[in-house]
Amino acid sequence: MTIRLPDLRGGLRAYEPRAEPLALTPGAPLTSRTVFSAAHVVADPYADTSPDAPAAVDWDATLAFRRHLWSHGLGVAEAMDTAQRGMGLDWAGAAELIRRSAAEAKAVGGRIACGVGTDQIADGSLGEVRAAYEEQLAVVEESGAQAILMASRALCAAASGPEDYLEVYGHLLRQATEPVVLHWLGPMFDPALEGYWGSSDLDTATDTFLEVIAAHPDKVDGIKVSLLDAAREIDIRRRLPQGVRCYTGDDFNYPELIAGDEKGFSHALLGIFDPLGPLAAEAVRVLDTGDVTGFRELLDPTVELSRHLFQAPTRFYKTGVVFLAWLAGHQSHFTMVGGLQSARSLPHFSRAYELADGLGLFPDPKQAEERMRNLLALYGVAQ
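So the sequence shown is residues 1 to 383, counted in our numbering.
Be a bit skeptical, because a hint or two may be false.
Label-pair distances were calculated between CB atoms; the ranges are [claimed, not checked]: (1) T2 to F252: 28 to 34 Å; (2) Q383 to D123: 36 to 42 Å; (3) T177 to A19: 50 to 56 Å; (4) R307 to Q242: 31 to 37 Å; (5) P363 to T2: 20 to 26 Å; (6) H171 to E96: 24 to 30 Å; (7) E262 to T2: 44 to 50 Å; (8) E297 to H171: 43 to 49 Å; (9) Y46 to L22: 41 to 47 Å; (10) E262 to E297: 16 to 22 Å; (11) R13 to E262: 42 to 48 Å; (12) P241 to E262: 16 to 22 Å; (13) L8 to N374: 37 to 43 Å; (14) T25 to D48: 22 to 28 Å.
FYI, nobody ran anything at the bench for these hints, they're computed from the structure. The beta-carbon is built from N, C-alpha and C at its ideal position, and this holds for glycine as well.
Please work from the sequences and hints to get the whole structure.
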């Protein structure tokens with residue numbers, strides 16, 4: 001049987017869904033790379049709320065999805081932008097998410113790192129920005145999770161130049177109890193972060209970023225670079241102090257960056273590994289054996305889906321991630337905190353379904369097809 005899907009020209013085309021999923025089961029722990037999936041949150045569809053109200057989260061479904069990722073050997077990067085930080089999930093909700101997920105990780109033996117930002121304030125002085133970071137750092141450290149120092153909209157607005165970034169980050173790194181991950185999120189993910197590290201010139205910004213790390217190498221476990229620029233990530237990776245890891249955040253070029261070259265490789269901390277979790281874990285297990293070709297054969301075909309989900313406006317990629325989680329049966333509905341399910345078009349969803357189905361990502365292809373048909377019917381598409 002075929003399903004009729006909208007195309008970008010305003011018409012309908014026939015697609016024949018895949019009959020069987022890709023056979024993927026939990027396996028041995030990953031050894032050659034450290035891999036985190038930035039995980040989404042599941043909204044409570046029965047909550048009487050509105051887009052500008054505090055997020056209503058289905059905690060059971062949210063934690064169940066994290067157990068799914070841990071079962072495949074992946075780490076969870078919690079309360080990051082994939083979890084809609086600053087796009088539906090406020091700091092109070094993020095703090096609760098961090099506490100619950102960290103406790104769940106401890107109970108099941110999963111690896112977890114959590115985002116530390118300043119989203120409890122909209123703006124403020126450098127001192128207020130520092131205090132906001134400190135408050136969140138304390139919550140993460142008290143939970144027992146590793147800290148990821150995320151880029152701050154408030155710091156970007158308050159800083160007058162590179163020296164302010166050096167001062168704020170230096171202060172935070174000196175007081176961190178354990179090595180942290182530094183996250184450079186580009187403006188394609190958040191336009192409010194344009195000019196981060198004190199300059200819109202990426203070469204100048206890169207120098208400041210590396211200066212922060214060079215001054216505190218013992219307090220930096222690694223960096224996450226989310227600039228969608230493979231050449232720049234490789235350049236930064238080669239300039240890192242010994243022992244500081246690079247976690248790719250490049251959802252356009254991750255296979256080649258993780259595979260690496262004769263001068264090194266990237267670990268991974270990726271939003272696309274939310275829908276790709278089991279397949280990504282299997283690919284890294286192949287890489288663990290030294291089989292780079294086999295790794296690329298598994299992961300390269302997923303790039304088209306990733307580039308589709310992360311197409312401009314890139315910040316709305318979370319909508320596609322949650323859409324695929326619904327089709328894959330990880331949640332019973334396609335509702336998002338802040339009403340963000342409205343951020344992508346029906347043709348976008350249709351292509352995401354087709355690409356994910358073609359990869360065999362849905363454990364129950366028939367269920368995925370039925371849910372896609374329901375969505376199409378809601379939009380008035382007759383089959």
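So, going through the hints one by one against the coordinates:
A hinted range of 28 to 34 Å holds for the C-beta pair T2 and F252, which are about 31 Å apart. Q383 and D123 have their C-beta atoms about 50 Å apart, which leaves the hinted 36 to 42 Å range violated. Look at T177 against A19: about 52 Å separates their beta carbons, and that is inside 50 to 56 Å. Remark: the range hint 31 to 37 Å for R307 to Q242 is upheld by a beta-carbon distance near 33 Å.
With their beta carbons about 21 Å apart, P363 and T2 fall inside the hinted range of 20 to 26 Å. The hinted window of 24 to 30 Å between H171 and E96 holds, with their beta carbons roughly 27 Å apart. At about 47 Å, the beta-carbon gap between E262 and T2 stays in the expected band of 44 to 50 Å. About 46 Å separates the C-beta atoms of E297 and H171, a value consistent with the hinted range of 43 to 49 Å.
Taking 41 to 47 Å as the suggested C-beta distance range, the pair Y46 and L22 does not conform, at roughly 33 Å. Checked against the given bound of 16 to 22 Å, the beta carbons of E262 and E297, roughly 21 Å apart, stay inside it. At roughly 44 Å, the beta carbons of R13 and E262 sit within the given window of 42 to 48 Å. Taking 16 to 22 Å as the suggested C-beta distance range, the pair P241 and E262 conforms, at roughly 20 Å.
Between L8 and N374 the beta carbon distance is about 22 Å. The supplied range of 37 to 43 Å is therefore violated. Between T25 and D48 the C-beta distance comes to about 40 Å, which lies outside the given range of 22 to 28 Å.
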